[in-house]
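Number of protein chains: 2
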Amino acid sequence: NKSPMAAGVVTARPRRVVVVRAEGQGINLDIRKTEEKVVDSVVVTELSKPLTAYCRCWRSGTFPLCDGSHVKHNKATGDNVGPLLLKKQ
Amino acid sequence: NKSPMAAGVVTARPRRVVVVRAEGQGINLDIRKTEEKVVDSVVVTELSKPLTAYCRCWRSGTFPLCDGSHVKHNKATGDNVGPLLLKKQ
Ligand code: FES
Ligand code: FES
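Chains A and B, in that order, give the protein sequences.
Heads up: the first sequence begins at 18 in full-length UniProt numbering, then just goes up one per residue.
Heads up: the second sequence begins at 18 in full-length UniProt numbering, then just goes up one per residue.
What the hints contain is simulated information worked out from the structure, not anything from laboratory work.
Just so it is clear, CB atoms sit at the ideal spot from N, CA and C, and this is done for glycine as well.
Check the hints yourself; a few may be wrong.
Stated by the list, open to error - From chain A, some residues computed to sit far from chain B (all C-beta separations above 10 angstroms):
id, residue
1, Val27
2, Thr28
3, Ala29
4, Arg30
5, Pro31
6, Gly43
7, Asn45
8, Asp84
9, His90
10, Val98
To be verified - Footprint (simulated), chain B over chain A, 3 or more residues, beta carbon under 8 angstroms:
id, stretch
11, 46-56
12, 61-72
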């Protein structure tokens, strides 16, 4: 094998690019942490109001309902999360 | 005022305890990041299946639907999040 230097080429070891995702932290800090998995069910025929907002930010004081806490979370973190709206029609 | 040392008492400046919450990171890493706030609506009368799972972990490849990705997220982080289940009855 010829040395790369013979051709005047400077080589380096191939760099391995590692993409680190922000997966170290959970997203639910406080809600029902004794449960192995927090799952909620809504029987949609039993919804009383025309519109009900369900939390997806895990910061609501009325979880599983949305109480608007996503606004503070988004401001504090630069995030863009919001609720799931259930509409009767 | 008497000096505390006169009574043999060792005092210190009152410590201010600061509770740091893991709020630096958002919870939505990838989904529709061009939207200021990701809100979805479901007209419940239009649900086709008896049971539909909606994602609350922000890791689903089929967001706003749940595709089971919360399992991987929970394992990776020790979190305990899960979907919202909409049931027709
Ligand atoms: S309070 Fe969590 S989405 Fe609104
Ligand atoms: S994939 Fe997000 S809750 Fe299931």
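Against the structure, the hints come out as follows:
1. Listed as outside the interface, Val27(A) is consistent with that label: its C-beta sits roughly 37 angstroms from the nearest C-beta of chain B, beyond the 10 angstroms cut-off.
2. Non-interface status of Thr28(A) relative to chain B is upheld: no Cβ of that chain comes within 10 angstroms, the nearest being about 35 angstroms off.
3. For Ala29(A), the shortest C-beta to C-beta distance to chain B comes to about 31 angstroms, beyond the 10 angstroms cut-off, and the non-interface label holds.
4. Chain B leaves Arg30(A) outside its interface by the beta-carbon criterion, the shortest separation being 30 angstroms against a cut-off of 10 angstroms.
5. At roughly 28 angstroms from the closest C-beta of chain B, the C-beta of Pro31(A) stays outside 10 angstroms, upholding its exclusion from the interface.
6. A beta-carbon of chain B comes within 10 angstroms of the beta-carbon of Gly43(A); the shortest separation is about 3 angstroms.
7. At the 10 angstroms boundary, the C-beta of Asn45(A) falls inside the reach of chain B, the nearest C-beta of that chain being 5 angstroms off.
8. The claim that Asp84(A) is not at the interface with chain B holds, since no C-beta of that chain comes within 10 angstroms of its own (minimum 15 angstroms).
9. Not every CB of chain B lies more than 10 angstroms from the CB of His90(A), the least distance being 7 angstroms, so the non-interface label is violated.
10. The beta carbon of Val98(A) sits about 5 angstroms from the closest Cβ of chain B, which is not more than 10 angstroms, so the claim that it is off the interface is violated.
11. Only when three residues or more bring their CB closer than 8 angstroms to a CB of chain B does the claim for the stretch 46-56 of chain A stand; here the count is 8, and the claim holds.
12. For the stretch 61-72 of chain A, the stated coverage by chain B is satisfied: 5 residues place a CB nearer than 8 angstroms to a CB of that chain, which reaches the threshold of 3.
The structure does not agree with the numbered hints 6, 7, 9 and 10 stated previously, though it agrees with the rest.
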